[in-house]
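Number of protein chains: 2
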Amino acid sequence: MQGSKIAIIGAGSLAFSLSMVTDFSLTKSIADSRVVLMDIDPKRLDAVYSLTKRYSQELGSRLQVEKTMDMKEAIRDSNFVINSAFADGYDGLGQMIEEAEKYGYYRGLDATEWNMVNNYTIYTGHKQYQIALGIARTIEEVAPDGWMLEAANPLLEITTMLLRKTKVKVVGFCHGFHAYAGLARVAGIANPDELDFQVVGLNHDVWLTRLKQNNNDLYPVIDEWLRYRAEAFWSSYVLDVWEEQFSRAAADMYRRYGLYPIGDTTRSGPWTYHRDLKTKQKWYGPVGGVDSEIGWTMRLLRNRRNLDRLFRLATNTEVSPLKELPPVKSGEQFADFIDCVTNGAERRLVLNVRNQGALKHIPEDVAVEVPVQMVGDKMTVEPLERLPRTVEKFALIPRWERMEWALEAFDALQEGGAPAYKEALANILMTDARTHSTEQVSSVLDSIMSMPYNRPEKAA
Amino acid sequence: MQGSKIAIIGAGSLAFSLSMVTDFSLTKSIADSRVVLMDIDPKRLDAVYSLTKRYSQELGSRLQVEKTMDMKEAIRDSNFVINSAFADGYDGLGQMIEEAEKYGYYRGLDATEWNMVNNYTIYTGHKQYQIALGIARTIEEVAPDGWMLEAANPLLEITTMLLRKTKVKVVGFCHGFHAYAGLARVAGIANPDELDFQVVGLNHDVWLTRLKQNNNDLYPVIDEWLRYRAEAFWSSYVLDVWEEQFSRAAADMYRRYGLYPIGDTTRSGPWTYHRDLKTKQKWYGPVGGVDSEIGWTMRLLRNRRNLDRLFRLATNTEVSPLKELPPVKSGEQFADFIDCVTNGAERRLVLNVRNQGALKHIPEDVAVEVPVQMVGDKMTVEPLERLPRTVEKFALIPRWERMEWALEAFDALQEGGAPAYKEALANILMTDARTHSTEQVSSVLDSIMSMPYNRPEKAA
Numbered sequence: 007m008q009g010s011k012i013a014i015i016g017a018g019s020l021a022f023s024l025s026m027v028t029d030f031s032l033t034k035s036i037a038d039s040r041v042v043l044m045d046i047d048p049k050r051l052d053a054v055y056s057l058t059k060r061y062s063q064e065l066g067s068r069l070q071v072e073k074t075m076d077m078k079e080a081i082r083d084s085n086f087v088i089n090s091a092f093a094d095g096y097d098g099l100g101q102m103i104e105e106a107e108k109y110g111y112y113r114g115l116d117a118t119e120w121n122m123v124n125n126y127t128i129y130t131g132h133k134q135y136q137i138a139l140g141i142a143r144t145i146e147e148v149a150p151d152g153w154m155l156e157a158a159n160p161l162l163e164i165t166t167m168l169l170r171k172t173k174v175k176v177v178g179f180c181h182g183f184h185a186y187a188g189l190a191r192v193a194g195i196a197n198p199d200e201l202d203f204q205v206v207g208l209n210h211d212v213w214l215t216r217l218k219q220n221n222n223d224l225y226p227v228i229d230e231w232l233r234y235r236a237e238a239f240w241s242s243y244v245l246d247v248w249e250e251q252f253s254r255a256a257a258d259m260y261r262r263y264g265l266y267p268i269g270d271t272t273r274s275g276p277w278t279y280h281r282d283l284k285t286k287q288k289w290y291g292p293v294g295g296v297d298s299e300i301g302w303t304m305r306l307l308r309n310r311r312n313l314d315r316l317f318r319l320a321t322n323t324e325v326s327p328l329k330e331l332p333p334v335k336s337g338e339q340f341a342d343f344i345d346c347v348t349n350g351a352e353r354r355l356v357l358n359v360r361n362q363g364a365l366k367h368i369p370e371d372v373a374v375e376v377p378v379q380m381v382g383d384k385m386t387v388e389p390l391e392r393l394p395r396t397v398e399k400f401a402l403i404p405r406w407e408r409m410e411w412a413l414e415a416f417d418a419l420q421e422g423g424a425p426a427y428k429e430a431l432a433n434i435l436m437t438d439a440r441t442h443s444t445e446q447v448s449s450v451l452d453s454i455m456s457m458p459y460n461r462p463e464k465a466a
Numbered sequence: 007m008q009g010s011k012i013a014i015i016g017a018g019s020l021a022f023s024l025s026m027v028t029d030f031s032l033t034k035s036i037a038d039s040r041v042v043l044m045d046i047d048p049k050r051l052d053a054v055y056s057l058t059k060r061y062s063q064e065l066g067s068r069l070q071v072e073k074t075m076d077m078k079e080a081i082r083d084s085n086f087v088i089n090s091a092f093a094d095g096y097d098g099l100g101q102m103i104e105e106a107e108k109y110g111y112y113r114g115l116d117a118t119e120w121n122m123v124n125n126y127t128i129y130t131g132h133k134q135y136q137i138a139l140g141i142a143r144t145i146e147e148v149a150p151d152g153w154m155l156e157a158a159n160p161l162l163e164i165t166t167m168l169l170r171k172t173k174v175k176v177v178g179f180c181h182g183f184h185a186y187a188g189l190a191r192v193a194g195i196a197n198p199d200e201l202d203f204q205v206v207g208l209n210h211d212v213w214l215t216r217l218k219q220n221n222n223d224l225y226p227v228i229d230e231w232l233r234y235r236a237e238a239f240w241s242s243y244v245l246d247v248w249e250e251q252f253s254r255a256a257a258d259m260y261r262r263y264g265l266y267p268i269g270d271t272t273r274s275g276p277w278t279y280h281r282d283l284k285t286k287q288k289w290y291g292p293v294g295g296v297d298s299e300i301g302w303t304m305r306l307l308r309n310r311r312n313l314d315r316l317f318r319l320a321t322n323t324e325v326s327p328l329k330e331l332p333p334v335k336s337g338e339q340f341a342d343f344i345d346c347v348t349n350g351a352e353r354r355l356v357l358n359v360r361n362q363g364a365l366k367h368i369p370e371d372v373a374v375e376v377p378v379q380m381v382g383d384k385m386t387v388e389p390l391e392r393l394p395r396t397v398e399k400f401a402l403i404p405r406w407e408r409m410e411w412a413l414e415a416f417d418a419l420q421e422g423g424a425p426a427y428k429e430a431l432a433n434i435l436m437t438d439a440r441t442h443s444t445e446q447v448s449s450v451l452d453s454i455m456s457m458p459y460n461r462p463e464k465a466a
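These protein sequences, in sequence, are chains E and G. Position one of the first sequence corresponds to residue 7 (our numbering), numbered consecutively onward. Position one of the second sequence corresponds to residue 7 (our numbering), numbered consecutively onward.
Be aware that one or more of the hints could be misleading.
If chains are identical, the list can't say which one is meant, so a pair holds when it fits in one copy or spans any two.
Simulated pairs of lysine-lysine, PhoX-like, Cα-Cα distance not exceeding 25 Å [unchecked claim]:
1. K329 x K34
2. K133 x K49
3. K329 x K366
4. K59 x K49
Quick caveat, the hints were computed from the structure, so don't treat them as lab data.
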């Protein structure tokens, strides 16, 4: 039997594509797949092609790796299409944040309650929506039975938009839920990778509804850590970027809302944790979390260092990438999902799928992040533990509301062009805690919308 | 046949009770009713009893007017129970606002997006919720077939809470929708009281979805007024309190959200219209609207003057109240509703009833304000005109969200007492644009919760 065809759109992200190829190679049951890398940047595409092809060959994998700059050809007859495109790039984001801060919008226009992340946009992310919609429309046309595996941010908005606007079988993927194990490790729980856990919510707004070992509830162990040892931990250990899971902010959210926030959730919450650098440092340690101006710079440097290294490996064919990068599974769930669908395997995954009643106060046509039992391509949402009303009302409804605003802004752009888009963004900023006048809103939007990286145009 | 028994709880409000008795007297088909006035303040109860009894006698009405301080007796076997209780009173509200402003919460803790009103509380309104719930429980016990006609604020929260928690047939009443006629008058439309209108939304967040005369759309006439004459109106006419319908703020909301806001809706919107007195004056004229510190003082003075006058009429039995107060129908819909239910009359009313799909993004168990065709006690929600997504997403969802927060705070109080209530209020204030630190939240809540008028106690 011929293996699956898997297209990766936006494959120029070397680290991500290398993870995919590694995972596919190490998952024997799907290692006969054909992987088509697609990107619009020829230099990056050549690099990722060279690197992943040599890597899989060195691994002795049967994986077929190909490349193309033609999206439609990449997608045609694919069984799976992974969207990892990142249109604005960190440069565009950085420029937008810098510009917005001139008008009083600390950390950029898109930083908002329950979405205080700086590495993607929700309101001004029109290019991300346009790309994702373009991919989905192409799947409808040339690979109507294919699955769209959505990896690009903003994941909640994009997955929901595709569920609403297209007929494509779309599933959203995020590895953030794994962070519960790190929390368990810091709290001193043995074998943190073998726990019975349940994480539930909206992407990047997910909560630990269950943590058990041998049927014993482990929340009391976390409570004990918080009571007797966390203060000593916070005063002696300097939290690095991506260690927000162990922060005072996360602990405070747990105290406030009744469940521990998991992964990227801990980067958010209301402005109370994020008002300015000093506030962020109080809650996230000296770095102020990955989304502060310090954390942002540190992340950029690390990304750059890592990218340079991968580029060197990609372009220097004398070196063995396998020697430099030992093969370990990435923790992403794409290979597992593809294995289930392709080979009828059974697995429990945490996926972003249509709500259908899992979260009570959130409409049915919204993508929720929930544990799903897969048997082949059948997906059954696991019965959920009770979610405290405080989490629903104070953390999930506000994030859902902002998703609706973000999708409304994109719809306005699609239907009415740049003026309608500006109007919608203005309506959103009118509710922003950083807004002091209508003039401020109008000028920041004029300024951001005329930046070269960001020209909003009506979709064709 | 014996007439209906109508209980008015919180009847000490002289103006409101007098309106009711006038309306019932002038609606011949229900003028044989028995009206039982109930209040906990004996002085006010005596006054309202004397005034309304003499007034209805002078009108030659068959209405039987009685009084009692016993709520259960008032409600027992009632066909209709009107709740108009106002527990905190203006003195309590005024103290709370003054205290909250010391901590940076301009116009009090409950001023919030789409609820910038100062004459009732939503988050700190626990006494209003407790009273309404007490009345509903009593109806369940001693008048299980009776209707509860909810008039007390916060109407959206109370009506929804009763729909969720009790079996009582509850309907919420507000006269604010009439303001569309004033708008039409100012815009120069002839016969403004004979228009085909539709007003839809959540109470105090309602929007003019239709305005027609002889099947002609009148929105273009409003547009013309805005384009050619409104600026001259605003610069020559000084808006009084309760004239927010004609304000620049209302016009800006129309421009922003796509429909004209009606009645109390125009007092709200995001902080952009309300940040400080100067901002309010820019949008509402020199008074700054009825909710500014100027408008608040003017309203208090007028209330006081009006109350003094009614008290004098009530206590001086030498004077004829009918000579002083010519009998006109109030514009409230209670008498009309009672007539429909009692006599099988047919009428179109604007009522607050269970959503059941009228507003798409709002859950079914929320009270929405919609035009209802009554035939006897059968209520059919009129087919709604299309509601722009902007109104739904930027004006209705945010108000609904705050309603959920308000009800969550009351539930927390009921279940966990004052500490849980404080926690819930803190979670709400964490998202408030006026909050700058966790300490600010904690101190303002300690201060407000220890004020004598406001001691939160768990319900018995």
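Now for the hints, and whether the structure bears them out:
no. : hint        : result
1   : K329 x K34  : within (21 Å within a copy, 95 Å between copies)
2   : K133 x K49  : within (21 Å within a copy, 67 Å between copies)
3   : K329 x K366 : neither (50 Å within a copy, 57 Å between copies)
4   : K59 x K49   : within (15 Å within a copy, 90 Å between copies)
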